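*Asks:* The task is simple: from the sequences and hints, build the whole structure.
Protein chains in written order, with my numbering: chain Z, 1 to 454; chain P, 1 to 482.
Worth flagging that the hints you see were computed from the coordinates, not collected in a lab.
Among these hints, one or two may not hold up.
As the list claims (entries may be wrong) - Derived coverage of chain P by chain Z (criterion: at least 3 residues anywhere in the stretch with Cβ under 8 Å from a Cβ of chain Z; other residues may be distant): (1) 63 to 74; (2) 208 to 221; (3) 363 to 371; (4) 385 to 394; (5) 403 to 414; (6) 439 to 451.
To be verified - Covered, in the sense of this in silico footprint (three residues per stretch, anywhere, with C-beta under 8 Å from a C-beta of chain Z), are these stretches of chain P: (7) 52 to 58; (8) 178 to 187; (9) 428 to 434.
Keep in mind it's a predicted model, so treat the numbers as computed, not measured.
We treat Cβ as the ideally placed atom computed from N, Cα and C, and that holds for glycine.
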Amino acid sequence: MNETTEPVAEGIQAGLPPLESLQEMLDRVIALAREQGAGEVEAGLNMEVGLSATVRKGAVETLEFHRDRGLGITLYRDGCKGSASTADFSPEALRETVRAAWDIARHTQADACAGLPEPRFLAREIPDLDLCHPWALTPEEAIAVALECEDAALAEPGITNSEGATLSSHQGLRVYANSHGFNAGYTRSRHSLSCAVIAGRGDGMQRDYWYSLARDPAVLEPAAAVGRRAAERTVRRLGARRLPTCTVPVLLVPEVATGFFRHFVNAVRGSNLYRGASFLVDSLGQALFPPFMHIHEAPHLPGAMGSAPFDGEGVATRARDLVREGVVQGYVLDHYSACRLGMETTGNAGGVHNLVVDPGGEDFAGLVRTLDRGLVVTELMGQGVNLVTGDYSRGAAGFWVEGGEIRHPVQEITIAGNLREMFRGIRAVGKDVDTRGNIRTGSVLLERMTVAGD
Amino acid sequence: MTGSALELARRQLLEPAGLDERDLERVLDRLLGHAVDSGDLYFQSTRYESWVLEDGIVKEGTHSIEQGVGVRAIAGDRTGFAYSDEILLPALLQASTAARAIARSGGQTRLQAWQRTGDQGLYPPLDPLTTLSAQDKIELLRQVDAEARRQDPRVTQVIVSLAGVQDHVLVAASDGTFAGDVRPLVRMNVTVIVEDKGRREQGSSGGGGRGGYELVTGDGRFFHHAREAVRQALVNLEAVEAPAGTLTVVLGPGWPGVLLHEAVGHGLEGDFNRKGTSAFAGRLGEKVASPLCTVVDDGTLPGRRGSLNIDDEGTPTRHTVLIERGVLRGYMQDRLNARLMGMAPTGNGRRESYACIPMPRMTNTYMMPGEQAPEEILASVERGLYAANFGGGQVDITSGKFVFSASEAYLIEHGRITRPVKGATLIGNGPEVLQRVSMVGNDLQLDAGVGTCGKEGQSVPVGVGQPTLRVDALTVGGTSTG
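*Replies:* Encoded structure:
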């Protein structure tokens, strides 16, 4: 068969309308709600098209074409809130969605803090953050990249099986408007290449993976490098043992440390603070971390995954400190939670935008030497974190270090402690920063944790 | 009532678009015209609502409608997939052109005559959103809030949520499968924060299933969850450090069955076994558990959260024995993996929505009851942990290592439950842990209906269950090494 798939890809991927037409649509939605009788109104929409190709053991496994969209509206009827969403953008569906939100607002109760942020907080300029780099990729090309990636992994000694390699490429947009007259949008893209392989056989099998993720395909790691890294990470786990129960220093690799700082973000998130559902209630001004620690938010980093010109409520995002010299400088607030706490929004409706943990001077090898004797954690499992108390207990895998050198892989153990003590007990942050995601940190050395094993 | 759900699904999904069986034949023909072995269309329309109470008032409600169709083409072990949120013939034809791009070779397949799949009648084909008036929903949330606050003055925050979904699905496949289902699903949850002398804790409880809102309001269940959430939070206020190390663990009945879901469930899904990536691959007929253990996956339990009349490929769900008296008997299969492994589909082909590819997933996974009274099991333990409630879990199906996190646990000393301990993660090895089960209780319970399972980014509702179990050695991730 020699039918080419190129026009097909264009057919299904074309269809991201111009921002202006979507902005006009949101204006109409807001007008509909106002006609209905709503006071304040906001509406946001997302659209995304893309494709992903997965290969396994040298052959195509799946080819998926993605096309997603959604529109959400929130309106206030005498201070009572109602929300509705739809994936159907036809005029009738939009009218029905407005009506559904209106009907809900008939039953909810007013809340003094509910409503839109004051106009002075809204973004006035929409900086170009270099977030959209479409990739004119045919399915054949996507498959070829994934094959090259997996081939490199399968060529590594010790690799016995594969879960495959996947190339995904997406392009999308976000538009947000509200009844204060804010109406803006921006386009963005997201490309990723991942590979997961298996080493060993029978009882001794191990699996690991690696991925590269970027807004600009030119920034993706080379396909073969992703595959090789996945293979190396897998093979080095072979022969993993358990550890005796002990209390030792722990080094979190960067991709694990990002999750560690995500717990901090969640614990200073406004919705958890005003509910009393966080161990960091009233932590503003507290020396939570050692004095060498600085954590800041950098929402306008060009081309970064976490960058955004405005937050989920149209509030201008801005660079700011969350932790300076170990002391908490700010929380993560949207309009509502800020009001509940008697504060001002920090432009974090929807989360943080590039949380950066300032790196220290040592690389990973240097930190392993500093660790001297203890545990390197390369993987955590489960959800054993209680944000109300800070109690922490999760499954772990990694390596045992003795004499400043990695000795052998370990598995089927847990690490436990309390986040407050873990934050205070940070001894160093590495310069080996993981820049793929929304939280950027190097490895983190913790003074000690309880390791449960044999 | 055979076919009634199918008729309802057809009316909801095909008629508004003016589509009939001949149009579906045309779309499937286009799929099959190009060396594709098989193909299917999955139509879905979902209506969802949720209400949330906080600070004593219902501040938020949301409503959404989503619909679309997924088109899949299979050639050998390759899958091409595309979807559209417009259920219209041109969009369907475009999606099938994209999906069939996967085929480069393969057999010549002809479309089979339609065969309508019957309805197992496991739940009523109703719209749960209309089973209670909006005013009554609000009133209920308020009463639950009041009930929780009445329990104890230390309750500082109560969050109550109520959610309902109605899903219409219709499957048309090239092998002639023509099946439909109308799936109601409701759920409620209570979370409380308690505070005493500067110490804060939380507790939560919830339930639900496939049916109208009476599933969560009937028999005072709503109030039960309010009291249960407060009880758990107060227990945790008293909790001391959990032990660290390997010890005897007694797991309570019901939701602690998340052990089975993680330790063996995922590892017995067909895709991982076909690919040889599961720690259980190639072990059919081998002993993987103690003879006391019989584990099943059963999608046919009436009204259960994990139950389905048909799976998302149109296969009727069934009762599948996974482990029988300790011996591995079967895998959970979708159609693709069943065919490639030369086995029968088991009704476990599930997908999060029309926009996702189906894969083998669990329904309700549980262990059959044994003979011992739960008190006997506790009395047998000199020193250990009794884990009564859990949060979620996770598994590495290749190494077999799994975790699940206790949210309510106690020390067992000299055969008796003594002090509550803080939540801790338990870790074990799937192929080993059930071999260490030395006692199985006679008190099988299924969970209350709040479980959601994630796999490759797709979430689906599931159920778990088990009787009280004694596991002779499991690693407990506490902080107390004393």
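*Asks:* All hints are to be evaluated individually against the structure, with a verdict given for each.
*Replies:* Hint-by-hint comparison with the structure:
1. For a cut-off of 8 Å, the count of residues in the stretch 63 to 74 of chain P with a CB near a CB of chain Z stands at 6, and the three-residue condition holds.
2. Proximity of the stretch 208 to 221 of chain P to chain Z, defined as three or more residues with a beta carbon under 8 Å from a beta carbon of that chain, is not established by the 0 residues found.
3. Check result for the stretch 363 to 371 of chain P against chain Z: violated, 0 residues qualifying (beta carbon to beta carbon below 8 Å, three or more required).
4. For the stretch 385 to 394 of chain P, the stated coverage by chain Z is satisfied: 4 residues place a CB nearer than 8 Å to a CB of that chain, which reaches the threshold of 3.
5. By the rule of at least three residues with a Cβ nearer than 8 Å to a Cβ of chain Z, the coverage given for the stretch 403 to 414 of chain P holds, with 3 such residues.
6. Residues of the stretch 439 to 451 of chain P with a Cβ under 8 Å from some Cβ of chain Z number 0, which does not satisfy the need for three, so the listed coverage is violated.
7. A stretch counts as covered by a chain when three or more of its residues have a beta carbon under 8 Å from one of that chain; for the stretch 52 to 58 of chain P and chain Z the count is 4, and the coverage holds.
8. Against chain Z, the stretch 178 to 187 of chain P contributes 0 residues with a C-beta closer than 8 Å to a partner C-beta. That does not satisfy the three-residue criterion, and the hint is violated.
9. Here's how the stretch 428 to 434 of chain P fares: 3 of its residues keep a CB closer than 8 Å to some CB of chain Z, so the rule of at least three is met and the hint holds.
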